[in-house]
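Given only the sequences and the hints, what does the whole structure look like? Please build it.
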Amino acid sequence: MVTVIENVKVKGKECNIVIEDGRIKSVGKRTRSGRGVTVIDARGLTALPGFIDMHVHLREPGFEYKEDIGSGCAAAVRGGFTAVACMPNTRPVIDEPYLVKYILQRAKEVGKCRVYPIAAITKGEKGEQLSEMKKLADAGAAAFSDDGVPVSDSRMMKNALLYAATFDLTVIEHCEDKSLVDGGVVNEGAAANELGLPGISNAAEDAEIARNIVLSEVYGVPVHIAHVSTRGGMQLIREAKKRGVKVTCETCPHYIALTDAEIAGFNTAAKVNPPLRSEEDRLAVIEAIADGTVDCIVTDHAPHSKEDKDGGMYDAPNGISGLETSYAVCYTTLVKSGVISAERLSELMTFNPARLLKVECGDLKKGALADITLVDNDVEWVVEPEKFASKGKNTPFAGRRVKGRVEYTLVGGRIVYARKEEI
Numbered sequence: 001m002v003t004v005i006e007n008v009k010v011k012g013k014e015c016n017i018v019i020e021d022g023r024i025k026s027v028g029k030r031t032r033s034g035r036g037v038t039v040i041d042a043r044g045l046t047a048l049p050g051f052i053d054m055h056v057h058l059r060e061p062g063f064e065y066k067e068d069i070g071s072g073c074a075a076a077v078r079g080g081f082t083a084v085a086c087m088p089n090t091r092p093v094i095d096e097p098y099l100v101k102y103i104l105q106r107a108k109e110v111g112k113c114r115v116y117p118i119a120a121i122t123k124g125e126k127g128e129q130l131s132e133m134k135k136l137a138d139a140g141a142a143a144f145s146d147d148g149v150p151v152s153d154s155r156m157m158k159n160a161l162l163y164a165a166t167f168d169l170t171v172i173e174h175c176e177d178k179s180l181v182d183g184g185v186v187n188e189g190a191a192a193n194e195l196g197l198p199g200i201s202n203a204a205e206d207a208e209i210a211r212n213i214v215l216s217e218v219y220g221v222p223v224h225i226a227h228v229s230t231r232g233g234m235q236l237i238r239e240a241k242k243r244g245v246k247v248t249c250e251t252c253p254h255y256i257a258l259t260d261a262e263i264a265g266f267n268t269a270a271k272v273n274p275p276l277r278s279e280e281d282r283l284a285v286i287e288a289i290a291d292g293t294v295d296c297i298v299t300d301h302a303p304h305s306k307e308d309k310d311g312g313m314y315d316a317p318n319g320i321s322g323l324e325t326s327y328a329v330c331y332t333t334l335v336k337s338g339v340i341s342a343e344r345l346s347e348l349m350t351f352n353p354a355r356l357l358k359v360e361c362g363d364l365k366k367g368a369l370a371d372i373t374l375v376d377n378d379v380e381w382v383v384e385p386e387k388f389a390s391k392g393k394n395t396p397f398a399g400r401r402v403k404g405r406v407e408y409t410l411v412g413g414r415i416v417y418a419r420k421e422e423i
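Mind the numbering: the sequence shown is residues 1 to 423 in the UniProt record's numbering, read in order.
Treat the hints with care, since some could be wrong.
Unchecked claim - Simulated crosslink set (DSSO-like; lysine-lysine; CA at most 30 Å straight-line):
1) K241 <-> K336
2) K158 <-> K101
3) K246 <-> K13
4) K306 <-> K365
5) K358 <-> K387
6) K393 <-> K336
7) K25 <-> K365
8) K108 <-> K135
9) K158 <-> K246
10) K134 <-> K178
11) K387 <-> K403
12) K25 <-> K11
13) K123 <-> K101
14) K358 <-> K126
15) K9 <-> K25
16) K246 <-> K135
17) K108 <-> K123
18) K25 <-> K306
19) K393 <-> K420
20) K9 <-> K178
21) K11 <-> K29
As the list claims (entries may be wrong) - Taking CB as the label site, the calculated pair distances span:
22) R155 <-> E421: 49 to 57 Å
23) D182 <-> A398: 54 to 62 Å
24) K29 <-> S152: 57 to 65 Å
Don't read these hints as lab results, they were simulated from the structure. Heads up, the beta-carbon is just placed ideally off N, CA and C, and yes, glycines get one too.
Below, the structure written as structure tokens:
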């Protein structure tokens, strides 16, 4: 199979990309024509390495009414993602090899993007017994996490880090001291006070981040901190990295672009865990992206049904449906504003996630995997959740004007999304 992307911008220069057998054959003036050649006229578009999201919730098995692998992968490619890593807090929890294989088989059947299952650190995510991590890795697990809940027992977490390090897989920790959450439902601050809602202190996140940094430093093993949202958390990670601690971290578009002011009017679309924080925290997250403290931007894509999200601030589940808005929010907030370069955004959304997951990613050079996203960075559009491919329409970005729209997504040189087909 041969695909040619014509007149596309690569690092500011217009050229052609020739793809053959799933890999890039050439980038430059060369082109191909004839029978069996698929041609994409990409004039005005920019080619980027396909995005990799190492933190999504595909909900299958068990919560297919919220999302399934088919709808989740459709949302992913619509958002420019050529690969996603899915969290294990399904029902049943992904803590057995047959469930890892099930995810891989379902993704193959769907045939949209690459899916890398993340297996649970502990059995049932209960924090009481380590899962059989080596068997899970052998079955195809790309990393380990009990995301949704922290591994509160420090000895358990130490053992998980040591064990996973023996076969070089990443442990992703959800940092939350439940005793400090103490019934809170949104960020502790003026917005919570105005609505009369119990708040969650930054300390609940920062204390667990500190604990995991200590374990990593003392035992010399890597740890990856999920969805960091606080100024203090970023400072702890920044200082640890300077000391040579093997700690990496991620943050999300909603912590980059939004604050807890979004909960006004008891807006459950803005209820997420960790909660949206203060403007001071948001600016600290952006600073940490700019100075290299943050390794990855992930969506923490957490789709929910309308009925679930309509349950009120106490009962509504946490989460934002983020795959289809991630690039535009990040491009608008970070690149258009001059905080970082487009190349740095690619590093955060492609190369670093691939490195942490130990998987191959696309790259715009000869011989590279032809996982490619074509974007129009000049177009401005309005977020309309009713048009999402995801079953989850829950987003605080509804109605927001953003720049940078995905026009095509290619996986292994195969077109898996073309926006023009939606029009």
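Each hint tested on the structure:
1. Taken as a hint, the K241 and K336 pair is honoured in the structure, with Cα atoms around 28 Å apart against an allowance of 30 Å.
2. As the CA atoms of K158 and K101 are separated by approximately 27 Å, the hinted pair is consistent with the 30 Å bound.
3. With a C-alpha separation of about 37 Å, the suggested pair K246 and K13 falls outside the 30 Å cut-off, and the hint is violated.
4. Simply put, K306 and K365 have alpha-carbon atoms about 43 Å apart, too far for the 30 Å limit, and the pair is violated.
5. Pair hint K358 plus K387 does not hold up; C-alpha atoms about 33 Å apart against a cutoff of 30 Å.
6. Taken as a hint, the K393 and K336 pair is honoured in the structure, with Cα atoms around 26 Å apart against an allowance of 30 Å.
7. Distance hint between K25 and K365 is fulfilled; the C-alpha atoms sit about 8 Å from each other, no more than 30 Å.
8. With a C-alpha separation of about 21 Å, the suggested pair K108 and K135 falls inside the 30 Å cut-off, and the hint holds.
9. Note on K158 and K246: the hinted pairing holds, with a Cα-Cα distance of about 14 Å set against a maximum of 30 Å.
10. Taken as a hint, the K134 and K178 pair is honoured in the structure, with Cα atoms around 29 Å apart against an allowance of 30 Å.
11. Between K387 and K403 the alpha-carbon distance is near 17 Å, which keeps this suggested pair within the 30 Å criterion.
12. Proximity of K25 to K11 is assessed by CA-CA distance (about 18 Å); at most 30 Å being required, the pair is judged to hold.
13. About 17 Å separates the Cα atoms of K123 and K101, which keeps this hinted pair within 30 Å; it holds.
14. Straight-line distance between C-alpha atoms of K358 and K126 comes to about 27 Å, which keeps the hinted pair within the 30 Å bound.
15. With a CA separation close to 17 Å, the supplied pair K9 and K25 stays within the 30 Å bound.
16. For the proposed pair K246 and K135, the alpha carbon gap of about 25 Å is at most 30 Å, so the pair holds.
17. Among the hinted pairs, K108 with K123 is consistent with the structure: their alpha-carbon atoms are about 26 Å apart, no more than 30 Å.
18. Between the alpha carbons of K25 and K306 the distance comes to roughly 46 Å, so the proposed pair goes past 30 Å and is violated.
19. This hinted pair checks out: K393 and K420 have alpha carbons roughly 22 Å apart, not beyond 30 Å.
20. At roughly 48 Å between alpha-carbon atoms, K9 and K178 are farther apart than 30 Å, so this suggested pair is violated.
21. Between K11 and K29 the CA atoms are separated by roughly 15 Å; this keeps the pair inside 30 Å, and the hint holds.
22. The hinted range of 49 to 57 Å is satisfied by R155 and E421, whose Cβ atoms lie roughly 53 Å apart.
23. D182 and A398 have their C-beta atoms about 31 Å apart, which leaves the hinted 54 to 62 Å range violated.
24. Range check, K29 to S152: Cβ separation about 58 Å, and the 57 to 65 Å hint holds.
Of the numbered hints stated above, those contradicted by the structure are hints 3, 4, 5, 18, 20 and 23, listed in ascending order.
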